[in-house]
Structure formats: C-alpha cells, structure tokens
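Could you build all of it, start to finish, from the sequences and the hints given here?
2 protein chains.
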Amino acid sequence: MTVYVAPVKDLMFVLEEVAGLDEVAALPGCEEVGIELVSAVLEEASRLAEEVIAPLNKISDQQGATCANYEVKTSPGFKDAYKQFADGGWIGLTCDPEFGGQGLPHLLSIPVGEIWNSACTAFALCPMLTSGAIEALSHHASDDLKARYLPKMISGEWTGTMNLTEPNAGSDLAAVRTRAVPANDGSNAYLISGTKIFITYGEHDYTDNIIHLVLARLPDAPAGVKGISLFVVPKFLLNSDGSAGARNDAKCVSIEHKMGIHGSPTAVMAFGEETGAVGHLVGEANRGLEYMFTMMNNARLSVGLEGVGIAERAYQQTLSYAMERIQGRVAGREGTLPIAYHPDVRRMLMSMRSQTEAMRALVLVAAASLDKAARCADAGERKRHQARIDLLIPVAKGWCSEQANEIAYTAVQVHGGMGYIEETGVAQYQRDARITTIYEGTTGIQANDLMGRKVARDGGAAANALILEMVATAVQAQGVTELTSMGDGLAGGVADLKAATDWIVENYVSNTASTLLGSVHYLKLFGTVAGAWLLVRSSIAAQARLVAGNGDAAFCRQKIGTTRFYIDQVLPLTASLLLMLKRGTSSLDAADLALS
Amino acid sequence: MTVYVAPVKDLMFVLEEVAGLDEVAALPGCEEVGIELVSAVLEEASRLAEEVIAPLNKISDQQGATCANYEVKTSPGFKDAYKQFADGGWIGLTCDPEFGGQGLPHLLSIPVGEIWNSACTAFALCPMLTSGAIEALSHHASDDLKARYLPKMISGEWTGTMNLTEPNAGSDLAAVRTRAVPANDGSNAYLISGTKIFITYGEHDYTDNIIHLVLARLPDAPAGVKGISLFVVPKFLLNSDGSAGARNDAKCVSIEHKMGIHGSPTAVMAFGEETGAVGHLVGEANRGLEYMFTMMNNARLSVGLEGVGIAERAYQQTLSYAMERIQGRVAGREGTLPIAYHPDVRRMLMSMRSQTEAMRALVLVAAASLDKAARCADAGERKRHQARIDLLIPVAKGWCSEQANEIAYTAVQVHGGMGYIEETGVAQYQRDARITTIYEGTTGIQANDLMGRKVARDGGAAANALILEMVATAVQAQGVTELTSMGDGLAGGVADLKAATDWIVENYVSNTASTLLGSVHYLKLFGTVAGAWLLVRSSIAAQARLVAGNGDAAFCRQKIGTTRFYIDQVLPLTASLLLMLKRGTSSLDAADLALS
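Going down the list, the protein sequences come from chains A and B.
FYI, my numbering numbers position 181 of the first sequence as 181, with every residue one higher than the one before it.
FYI, my numbering numbers position 457 of the second sequence as 457, with every residue one higher than the one before it.
It should be emphasised that the hints constitute simulated quantities derived from the structure, not laboratory data.
Everything numeric in this text was worked out from a predicted model, so none of it was measured.
Only true hints are included.
Among chain A residues calculated to face chain B with C-beta under 7 angstroms, some are:
{"hint": "1", "residue": "Gly-170"}
{"hint": "2", "residue": "Asp-172"}
{"hint": "3", "residue": "Phe-198"}
{"hint": "4", "residue": "Glu-256"}
{"hint": "5", "residue": "Gly-332"}
{"hint": "6", "residue": "Pro-343"}
{"hint": "7", "residue": "Arg-346"}
{"hint": "8", "residue": "Glu-422"}
{"hint": "9", "residue": "Ala-513"}
{"hint": "10", "residue": "Ser-519"}
{"hint": "11", "residue": "Gln-558"}
{"hint": "12", "residue": "Pro-572"}
{"hint": "13", "residue": "Leu-573"}
{"hint": "14", "residue": "Ala-591"}
Glycine included, every Cβ here is placed at the ideal spot set by N, Cα and C.
Quick look at the structure:
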C-alpha cells in the first residue's frame, strides 16, 4: 500500500522543459550538470529512497523518537538509514568542494530533496537542518570555525541544528532572550544560557556530535532585532585535533508529542543550566538575525518542497487505492469499475495530481532562480534573479504547504472510512503535512512578507516583471491550436493576479492593516496563477514533443490533460480570492465590530 | 485552555429569531416548548456538558477505548459520565412518551446535541447511535419488539448500534453479504452470520446489554438493494421477563486505531462465528435499506451537528489563545496587543466564527423542518416541509462537516507551533473533525444525492422554492439602511446559486457524469449561500432589536459584524464554485486524458 516510486520521468521533464536545466548548466561551476548527470543522480537517490527510507515512514509514525535522560532514541531503522545517506554523499550535494561538498546547483538538490521528503519527511528533516547550519557557517563563520566544523558536517559525520525559537519568541524573533557572555578565560569563547524550543533533531543517536547554531543576546546588545548574535555551540566541545571531546552544557530536556512527523525529534534545549554552554560567535556581533535571513530563502523553499514530497506520496497511494477499490456503479459507464471512475473521485484525484505537478514546477523554477542569483557572471543578472527568488520564496513556501495539506486531506477523503484508520497510512500524510504551514514562518508570515516586502516595497516591479512572462506564456499557448483554451484560461488568471497586484500597490501604504487582512488570499492567488503558468509552459513543451514525434506520446498527452484540468478546476479560484482581497477595509471593520 | 462554555445565548437567539421556535411551539404535541422550557433545558445541558463531559475530552484522546478478549474498556470517566447522562433523561428527549421518552421536538434536541458534541464528540456518539436505533425500532418494529427494547434503550439502561458497513460494502450497501437464516426452532428468530466493520460503540462497558441493529440478507432475497433486511440482535438474549440473559453469538473482535475520536470504540463485529447470532426481523423482509433511509436524515443531520460542535469548541479555544498570546507589533495599531489583532489572525478568527454561526443556523433551521415535516396537522404542509428537509440534509451534513474541518485546521494555524503539539488540544479537533466528512455518507455521496435526487429529479422545484425565500431575505435587507450592502451581497450569492441550479436541471440528465464531477462544488455553493441567507436573517433580527432597544446592544452589533464579515470573506467563494461547476464536461475529458 505504501510503496513509493520516485517520479523521475516527471522530474526530468520539468527540469528540462520548464525549469531550464540547460540554462543552469551554462552557469559558472555547473559545467558537469547535463541531463545524464542529473538523471543518474535522481536514479541513485530513487534507489536509496525507495528501498531504504520509504519503508521506514510508517514505522517512524508508529514508533516515533523517544527521549530519556537527555538522550534521544530515533525510530527503528533511522540510524542505519542515516549512515547510508551520509555515506552516499547526499548531505554535501550543494556544498563547497573546498570542504568536501560536491558544489552542485540547487536545481539538482531540490528534486533530490523531493524524493527524500516523499520517502519520509521525518527522516529528511535532519539533513535539511544540517544543510541550513552548513550554509550559515559557510557564509558567515571565520575560516577557523569553517575548517573545524564544515568538513565533518558536510560528510555527515556530525549533524547541525538551528536554535531560534523560544517560548516567547516564535514569529517575533526580536523577543529572543537567550544570553551569551564572554567566557573571560583567555579564549574567544562565550557562555550561552537560555531555553530554546521546537529544535528539530536537537538531539539524536545518529552521530558523535551535534552542532547547534544558537541565536542569543550579548550583554551590551541593543534591544530588538539588531541585538541578536549567532553562536555555534557543539554538543561535545572540540579537542585541539578537531575531534569531539568534553560534553558541553547544552542538553535536550524533552521532546514534543506532536500531531505528526513523529520520527523527527523536536527538542526542548537547555543551554547553560550548569556552567554555561561554550559557544563561538559566528561572524560579527548583533548580526545574527541578518545572517539567518540570508539562509531563510533556502529553508523556506525546503519546506515548500516538503509539501511537494508529501503531496506526491499521498497521490501515489490514493491513486493506487482508487484503482483497486470497487464500490457502486459509475455514472456514465458500463461494467464494474473501481472508484477512480466515479466523477467526484476523478475530480479529487485530478485535483491532487494537477496541484502536485504545479507545486513541483514552482519549486524547481525557484531553485533555478536561486542558482542564477548565486552564480550568474553578470551582477545585474544576479540582482534580477535575486529579486525573482525573493518574490517566489514566500509563494513557494506558503502556497505549496497549504496545498499539501489540502491534498493530504483529499487523500484521506478518497480512502473513505479506511482513510481514518491509521494502519492505512494516509492519515499520516495529513498529520505530517500539518506542520509545513507553520514552521519556517507561518502562511500568514509568508503572505505578509510577500505583500509588504516583496510587492508593495518595490511598487510591484518584481511582480509585474513576472506577470509579463506569464502573459507571454498565455499568448504563446493561445497561438497553438490545441492549447488555445488553456491559454485563454491562463490569461484570465493572470489578469486577476495583475489586478490584485495593482490594488496592493495602490492601497498598502495608506491602508496597511486592511490590505494585510487579505494577504493570504493574495499569496494563494499568486501561487494558483504561478502554478497555471508553469503547467501551461509544460503543456506547450509536451505539445511540441507530440508534434515532433519526440518522446513518449502518452506521457505528453497526460501532461496536457493535467494542465487542462487545473485550468478548469483549480485556476477559477482566483475570481473569489480577488473579491475577498479587495474587501479588506469593510472586512476589518466588520471584524472589529464582531470581536469588540 | 480547554474550558468550554456552552453558547446558550447564541443558540437561543438563533432558535427565536431564525429557526422559528414559535412556529415549532405551535405544532401539535409541542405546546410546552416555550422560550422558558428551551432555555431551562439548554442551561441544564450546559451544566452537565461543562462540568462533567468537557473535562473528559482530552483524556479520551490520550487514553482512548481499548479492547481485549472481546471486551472494551472505555476512556477514564466515560462510564460515570454516561450514567449521569442517562439518569438526566437526555437520551429520550425526542422519543415517544409511551416508552418513556419526552416527546420533545428536534428543535430542542439539536441545540442540546451541539453542546454534547462540543463537550466531547467521542462521548456524544454513543447516545447518537442509540437514538438512531431507537428511531429505527420505533418506526418499523413490531409492538412486541418495541415493548421489549424501547423502554430500556430510551432510559439509557441499554445502548444501541447500527451495523451497516462491511469490508466490501461501504458507500454501496447493496453489496452487503451478512446472512440471516430462519432458526427453525419453533421461534420466529433468525441466525445471523457475517462481519460488520466501523461499528460505533459496538462494544463498551457502560451497560448490561447492547442492542445491535444489523443489515443482512435472507436466503431467498433478491440481489442488490431490495434484498436486504433489518434485524435486531442483542448482545445478551432477552429472558422472558425482558431482562438480559444468555450471551448471544455477537462479539467485538477488535477496535480500530483511528486518527481521532479515540474515545469512541469503533468495533469490528463478528456475528455468528459459533452457533449463529440470534436476531429478530424488524418490520418486513427485504425492506431493511428502505428502513435505514427513513432515519438517514436524522443521522446525517447529527453528523452535520458534530461539525458545528467541534467548530464552536475550536473557535472558543482559539479566540482565548489569540487574546492572550503576544507576538510582534500589530500593523495599524499602537502598543502591545495580542495576536488576535494582527489582520491575518483576525481574518482567521472571524472566518471560524462566522462560518460556525452560519453552520449552526443551518442545522437549526433543518431541525425545525424535521419537526414540521413530522408534526404539521396539514398533509400538504408536511409534504412541503419534507421536501425542504430532504433538500437541506445533504447540505447540512456535507457542508457543515467540510467547514468543521477547515475551522479546526484554522484553529491549529492560529496556534502556530503550539497547535502542532498534542498537549495544546487543538490538533485533536482537527483529527476528530476528520471523520465527519466520511461517515453517514461521504461528502461526495451527499453531493451526488443533492444534485441528483434532490435537485435534478424534481426539476429544481424544491431548490427554487428555497431560493425564492433567500431572494426575499436579500430584498428585505436591502430595504434596511444599515444592512443594504449585506443584502446586495446576499443577492449576488443567491444569483450564483440560482444559476448553478438552473445549469444542473438543464444538464444532469443529458450529461450525468460530467455534471456530477462538480457535485461537491454545488454542495459547497449551496451551503455557503444558505449560510449567508441565515446570517442575514439573524442580522435583520439583530437590527430590529437594536432599533427597538430590545436586548443586548453589543450582542446585536456583534451579530451584524459577523454577518458582514461572512458576506465579504466567505460568500465570494460562490463565484469560483460556479465557474468550476460549469466546466464539468471539459474537466472530465481532461481527467480521462490525464488518467488514461
């Protein structure tokens, strides 16, 4: 029932036809990244995911991580799977070759990441957090710190964590209270004390050491966001030869009992309960939050990717069930057919499928922008791509995570009563997906970021540049006989996005609060239209392949059918979202009246 | 955190101003049902719910029912709470006084039922199923069976169950295989054998006996739906004095491990594994499914009501959290304010609140129709109200259960990371709510019923009669200065409902499958507009009270604010739903292409 088959063919199609693999391969340092390499890497990842990791997913839900005496025991099979994962070199895929990484682009690591997340999201979280810690150290730490930590983190010998949240500092990190004071022992060390919560893989039994990155305040730090510094705090202090030595005063006091991702230990970390946790400053004092933000785009994209991974797995299992389960006669068809043929079930299956494909395309296109923003030779080009990625990230994170929840919900629905029974395994997808709209910034945080910083601040410039590309795609589709109506549909959706964007630019400054009331509507509208845009692009490519007689005709026709369904059944949501957005002022008045 | 306060004032307001308590009080047999009685009953129910049942909700999630050796141990406190519940006479509220019931109308039992469901849905399920069994026996059993079973079921001394589903007969009960053969022992008994699944409270430790109603086939029964009979099969056979005697061959072999409602034991029942389970035919042979359908409306309304109950409780807890939790500065406001003031959080809170109030009104209006259809002196009136209730039931069940899931999802979202931690208690609402769109007929089943049997079959007559009432409400609101814009909004929504209804009537017969593809869209459109209609009616009443200086002015203003919010932020969904509905044909083509 829970067999997972990595969608390599679909991934390759999007990489080649939508995300611009050839353009990324033309970037400095990406000379090796051809179709052969990418396809070989995806096949290799699929093997590990399908054979080793995916079978652990349900077990990890039923036998989650446990904590006793400050130690965490991970789910059955996780430790061994982690070793295989690390030995395969998967952690360092995008990392600096100077420290043992493979220097590959995000356009390769992101599709690989989808595969890990489909196989087991709870398992995939440890390498994801380690990557975040590696990235923070790579960009901001001293050469000495880099040399001591990066090679072992990139090889997977040690893992990394991100310690941001505190009981009173969640969405608002300005409220961080954890303290750091100079050790005054002749070293340049600091002593950290405070409690951090929601620390993913803050403790586990995989490795000899765990490297915590911790936000804390120095004694003389200014209040608010500009007084937070970043420290590296290892679980075991490093000996002079770089090996793990004495235990540091940083421990996991408990792990959370969560709705899902039971295999991922979510730690409450106590720093400095005894002598103070020894840490070293990363980069300059008081710039910790700024450093966090430089890696936020990757982390948020990774959470959007979790959504894609869970959605794909949920769809696979649901399609398989719906093609086996027989129940009742099917309207408009003869004979005994499985429930997949009931029109309402067909609608649910196609919603899941078309949304998943749209989400995947969006995340991969964002990954390509990340690579271009980092690697383009021309500074202007880098800047242009950075604006694009800054715009797309809140959409990719917020929209994909919300859609993943809807898709997992639909997976349970198609299963009927069986979906509510935990043994079936689909309820787990709904419970696992539930966190994705919350961590790394809730959907509301993403939406406010999109509306305020990414659209209103530049007067809609980055958004309108993207909208122009969408219009061009619609025009292109309208010019292809077989795709005219999907081009028309896309044009309508883009017009709604344009109207919403103009409305925000016009109203945000003068009516910030009432404009923000509809920020999530705008985020969903943006995601829905962006998804349509990319599906239409994939259908243009599929149609071209069909005409050229190049490739698998059935596969290409399926792509076109999927896009048509999305245009008919998903895209029309923009009409309502635009209406709701524009009623912000009267809605806020009404809310104030009702909640008074 | 999980304190529950029954919304008696809100319930009374809807009963008096929207659901027509005075009209129901004027029905034969309802002479006692005045405001004083109803309000006293609601207060009494509130006490039991708030003090005894609500505190068990979280415990029952953490320590669900367990099963060993064919016996079920219910959650801590449930058995004692059940005794208080039965002793209070709550089970027989609407039952026939001849057998110990109180003969009260559904318009009283339904608001009381909301309170039980808010307090603890898993607990409320046992009396709900017992009521279903009582109703089936009351309508269809012989006088002898009634006399032997009804008094003890109505008093709560024994409970009842409904045994319909089998592994291969869920939505399609025509596939039932459980067999019944004459006992041939000189009695009129039958021996039942077969396996039933998903049997709510199929076994428990509350009472001395459990009365199972079981669907099974007689040896000579025709195939399909017209060959299924209904049997009463007690756990313990009845002695000649009516007391529970020898153990019957009907046992619970296991209970399910479910996503939610852990306190409700969901049994796999084995009938006749040894000698055959002794049962008696209810009514005539081969009419079992027909008998089930006569009580389906009540059962489905009860599930819609579960949705209302869970939604109300989730809203209460979420509002309380959002008014305490402080995080970040609020756009457009000065000072330190809790997150309830963030525009996006305000939107979420008001969505929860306004939808819950709309759902409550719909369920109560449906309850009044149930009473009128059963009790009106005039046969024509009864028929008219029966058509109304037949139309409203799939909407009340399908829409309220879907909305409850959305509301519980939003409850988790407002709580952020804390919402994902089980101890907080809001994740339970999402898990508990998840079953409501599935049992007693999935949302797809409700939607197909609505579109095919309730709208297309009579050429839209019942729907158009309701739409005319909605139009009248819109016109009435448009005539009140303070409510003009909500009247306009309602008129727009009703126009969409009318357009959708006309489209269905025009297309259903000629294009059944592609019309059914959008059945859930139509159900949601219908529910959304019906909710708006009833909220506008409540606002017209609130405005009249304000003008008359009659009643709590702040309360009335809150009602108006809630309606305005719904009109702005919920009702606009109809635009998209109508578009999606009308694209059924091209969507089905696209789905067939993509899934080929």
